[in-house]
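In the order they appear, the protein sequences are chains A and B. When you line the first sequence up against the UniProt record's numbering, it's residues 1 to 378, in that order. When you line the second sequence up against the UniProt record's numbering, it's residues 1 to 346, in that order.
Rather than coming from a laboratory, the hints here were simulated on the basis of the structure.
Pairs of lysine to aspartate or glutamate residues, derived as EDC-like cross-links and limited to a Cα-Cα distance of at most 20 Å, are as follows:
| no. | chain 1 | residue 1 | chain 2 | residue 2 |
| --- | --- | --- | --- | --- |
| 1 | A | K30 | A | E247 |
| 2 | A | K375 | B | E230 |
| 3 | A | K375 | B | E220 |
| 4 | A | K30 | A | D345 |
| 5 | A | K375 | B | E228 |
| 6 | B | K27 | B | D42 |
| 7 | B | K27 | B | E302 |
| 8 | B | K310 | B | D34 |
| 9 | A | K30 | A | E205 |
Partial pick of chain B residues on the chain A-facing surface, computed with a CB cut under 8 Å:
| no. | residue |
| --- | --- |
| 10 | R2 |
| 11 | H244 |
| 12 | Y261 |
| 13 | S266 |
We put the CB at the ideal spot given by N, CA and C, even for glycine.
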Amino acid sequence: MDFGPTEEEAAFRTELRSWLATALPRLPPKPSPDDWPGRRAYDTHWQRMLYDAGYGRLHWDADPGLRLVFLEETELAGAPYVGANFVGLLHAGPTIAAEGTPEQRERWLGPILRGDEIWCQGFSEPGAGSDLAALRTRAVRDGDAYVVTGSKIWTSHAEVADWCELLVRTDPAAPRHRGISWLALSMDAPGITVRPLRTLAGTAEFAEVFLDEVRVPAAHRVGAENDGWRVTMVTLSFERGTAFAGEVVACRRTLAALAAAARETGRWDDPVLRRRLGRLHAEFTALWRLVQWNVSEARTGGTVPGPGGSVFKLRYSGARQELYETAAEVLGPDALDLGREWAVDRLSSLSYTIAAGTSQIQRNIIAERLLGLPKGGA
Amino acid sequence: MRFRLTEDQRALQSATRGLLERVCPPKALRAMADGAGPPRLDRVVWAALAEAGVFALRLPEDAGGVGLGAPEAVLVFEELGRALVPGPLAATHLAAGRVAGAATGETVVTRADGGLVAWLAEADVVEGYGTGGGAGPSGAGPSGVGPPGAESPGAGAFGAVPPVALPPGPGLPGAVPLRSVDPLTPLHRVPAPADPGPWDPSAALLTAAEQLGTAGRVTELAVRYAREREQFGRPVGSFQAVKHLCADMLVRTELARAAVYAAALSGDPAETAGAKLISDDAAVANARDCVQIHGGMGFTWEADIHLHLKRAWLRARTRPVAAEAEEAAARALAASAGPPAPRPSL
Ligand SMILES: Cc1cc2nc3c(=O)[nH]c(=O)nc-3n(C[C@H](O)[C@H](O)[C@H](O)COP(=O)(O)OP(=O)(O)OC[C@H]3O[C@@H](n4cnc5c(N)ncnc54)[C@H](O)[C@@H]3O)c2cc1C
Numbered sequence: 001m002d003f004g005p006t007e008e009e010a011a012f013r014t015e016l017r018s019w020l021a022t023a024l025p026r027l028p029p030k031p032s033p034d035d036w037p038g039r040r041a042y043d044t045h046w047q048r049m050l051y052d053a054g055y056g057r058l059h060w061d062a063d064p065g066l067r068l069v070f071l072e073e074t075e076l077a078g079a080p081y082v083g084a085n086f087v088g089l090l091h092a093g094p095t096i097a098a099e100g101t102p103e104q105r106e107r108w109l110g111p112i113l114r115g116d117e118i119w120c121q122g123f124s125e126p127g128a129g130s131d132l133a134a135l136r137t138r139a140v141r142d143g144d145a146y147v148v149t150g151s152k153i154w155t156s157h158a159e160v161a162d163w164c165e166l167l168v169r170t171d172p173a174a175p176r177h178r179g180i181s182w183l184a185l186s187m188d189a190p191g192i193t194v195r196p197l198r199t200l201a202g203t204a205e206f207a208e209v210f211l212d213e214v215r216v217p218a219a220h221r222v223g224a225e226n227d228g229w230r231v232t233m234v235t236l237s238f239e240r241g242t243a244f245a246g247e248v249v250a251c252r253r254t255l256a257a258l259a260a261a262a263r264e265t266g267r268w269d270d271p272v273l274r275r276r277l278g279r280l281h282a283e284f285t286a287l288w289r290l291v292q293w294n295v296s297e298a299r300t301g302g303t304v305p306g307p308g309g310s311v312f313k314l315r316y317s318g319a320r321q322e323l324y325e326t327a328a329e330v331l332g333p334d335a336l337d338l339g340r341e342w343a344v345d346r347l348s349s350l351s352y353t354i355a356a357g358t359s360q361i362q363r364n365i366i367a368e369r370l371l372g373l374p375k376g377g378a
Numbered sequence: 001m002r003f004r005l006t007e008d009q010r011a012l013q014s015a016t017r018g019l020l021e022r023v024c025p026p027k028a029l030r031a032m033a034d035g036a037g038p039p040r041l042d043r044v045v046w047a048a049l050a051e052a053g054v055f056a057l058r059l060p061e062d063a064g065g066v067g068l069g070a071p072e073a074v075l076v077f078e079e080l081g082r083a084l085v086p087g088p089l090a091a092t093h094l095a096a097g098r099v100a101g102a103a104t105g106e107t108v109v110t111r112a113d114g115g116l117v118a119w120l121a122e123a124d125v126v127e128g129y130g131t132g133g134g135a136g137p138s139g140a141g142p143s144g145v146g147p148p149g150a151e152s153p154g155a156g157a158f159g160a161v162p163p164v165a166l167p168p169g170p171g172l173p174g175a176v177p178l179r180s181v182d183p184l185t186p187l188h189r190v191p192a193p194a195d196p197g198p199w200d201p202s203a204a205l206l207t208a209a210e211q212l213g214t215a216g217r218v219t220e221l222a223v224r225y226a227r228e229r230e231q232f233g234r235p236v237g238s239f240q241a242v243k244h245l246c247a248d249m250l251v252r253t254e255l256a257r258a259a260v261y262a263a264a265l266s267g268d269p270a271e272t273a274g275a276k277l278i279s280d281d282a283a284v285a286n287a288r289d290c291v292q293i294h295g296g297m298g299f300t301w302e303a304d305i306h307l308h309l310k311r312a313w314l315r316a317r318t319r320p321v322a323a324e325a326e327e328a329a330a331r332a333l334a335a336s337a338g339p340p341a342p343r344p345s346l
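Can you build the whole structure from these sequences, using the hints too?
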């Protein structure tokens, strides 16, 4: 048991640090949060820079120890986060790498890594959220294509996406979990309508996607027909297991900024507030240690993260909300000013206990899959 | 980075668990809790712990110790906490190499901490009494105490320990027996110094490890009961309200585990304070939830859960208590919050 960096990790950290020092000043100015095409261009540009420097694959098939170094160093240097590349890099890419055919890996992984193509996730439907297996979007086989009809909801980044990891029902007669398939849908295909939805933060982060007899080549199915639920579990385990790790580092930085602000305004002298900040510091330090622990354990397991990710996701999402509640106390009246990034972040933090499986669902997973408690019950 | 247990560490863990199941089974604890009067320290068990190296674990081999480090000590103390082993375990362990006979279990060492002393009447040596603000007598070095300022063993989080030792028993001025809430830990109240001085990170780490053991143990007890106990024709563990309590228990335990193991590795006092804070919470909240999941059974003297809860309360009272740990973490945070604000809008 040690934290000591391996030789490879130490060398990687040094090299990455010096690359960041020269690369970051070359970044274009950051677009405004509402400017989606601008955000897409900015995020994909950053991904391309990473790719050209040889850091493109770090999110899914590198040594997990190197990935943690990458997350730490990019965050500490103030580098951009994955942004619009989120689904491609953190969910779809790893899923295709694990489950796709050689042709599929060849077709999709390169463009994701180079930042040429953006993905979105079409899992949730109006009638299938937590109960994802209730999804009804139909795909009917017609020659070498599927004809897809239905609708998806809460699809993040749908407006700017090129591809969508889409769950469809290919066998309505089969038991719910058995008749599902995982398709790669080109967002250019005729029959797709994207309608942006406004979030409570006032931003347009996600959208509704309507599918009206959209043709998807059968060759774009990842995994066997009707075996999509298993593939979905692979995707979700990446989503819950590793996708949030980098954000802990970001939260620690935010907390430090909060402490600096509290000291500037004199609020630091309030022992109740100060201790609350201290407690959060202990919490986020421990959460980062938990990430390191999970990653070390995963290194000996398979490439797909286990349900231990739910343990982290549940605690992290709650801690993040507590962080922004405390931020509001530090800011006082300014906490109600939407011109402050803090106020927007506080609103955004509400999504963390909902997206990627609600906290209630994470608790079910932990209780049933990790503790072996019986399924079902009122 | 290899932040996971090595084969040797796993072996140590399971060997310790096996030993404690033999020498300190729940039945023996129950008999002790049910006995009249304050519990007596079982010197046979104490000798068995010493024999297994519990106290000499971090003493160098050439000083007759096992020569292991803070991470191993934490694994052993997690098991001691799990098994609810009574006695001033951390104080004696920390005295090994400084107080003659502590490493071998012949001398039982306790400490005054936060106005309380555990096991006063049973201990041979009391440390820490009268340090800091000087409310009590100080300076005396009775027989059985090693030279003051002698090197403390091990590395990492284990640093200085309070230098003062006094003979125990009725001779300790101002000590008043309490009716201890923990039937397995006799307590005396002693005059607390006005300025208690710094807390000891080594003691905090070992106590945090014991709390981690408790947190994990009561989670197991709760989950086992939830699978067995039936109501409305099915195991209560199939009810989501119960499941969610159990899930939160596991999450608290796992976060505490990461925090405690990490503090053992980093040796950082602020991280150790954080680990104490998080594991105190985990042990106390999990023990309470465990009572809840056991329903009426949980409120009885017969179920062992209250013994775990009371010990968790007691350890949470040892320094650093929550407010001290939060202040320590806040100081570390302030130190990390350098002058430039990373957020432009700040
Ligand atoms: C910001 C954001 C971005 C998102 N992005 C995407 C995306 O890109 N692609 C995508 O496919 N989806 C996305 N989602 C959808 C997200 O996965 C779902 O919102 C989530 O799974 C919950 O489903 P729901 O909204 O239908 O809520 P519901 O499932 O209707 O839940 C309503 C309430 O009931 C509770 N509940 C439901 N079932 C149970 C149960 N069995 N036990 C206990 N409580 C239960 C829930 O916890 C919740 O409190 C996003 C959501 C948000 C907020």
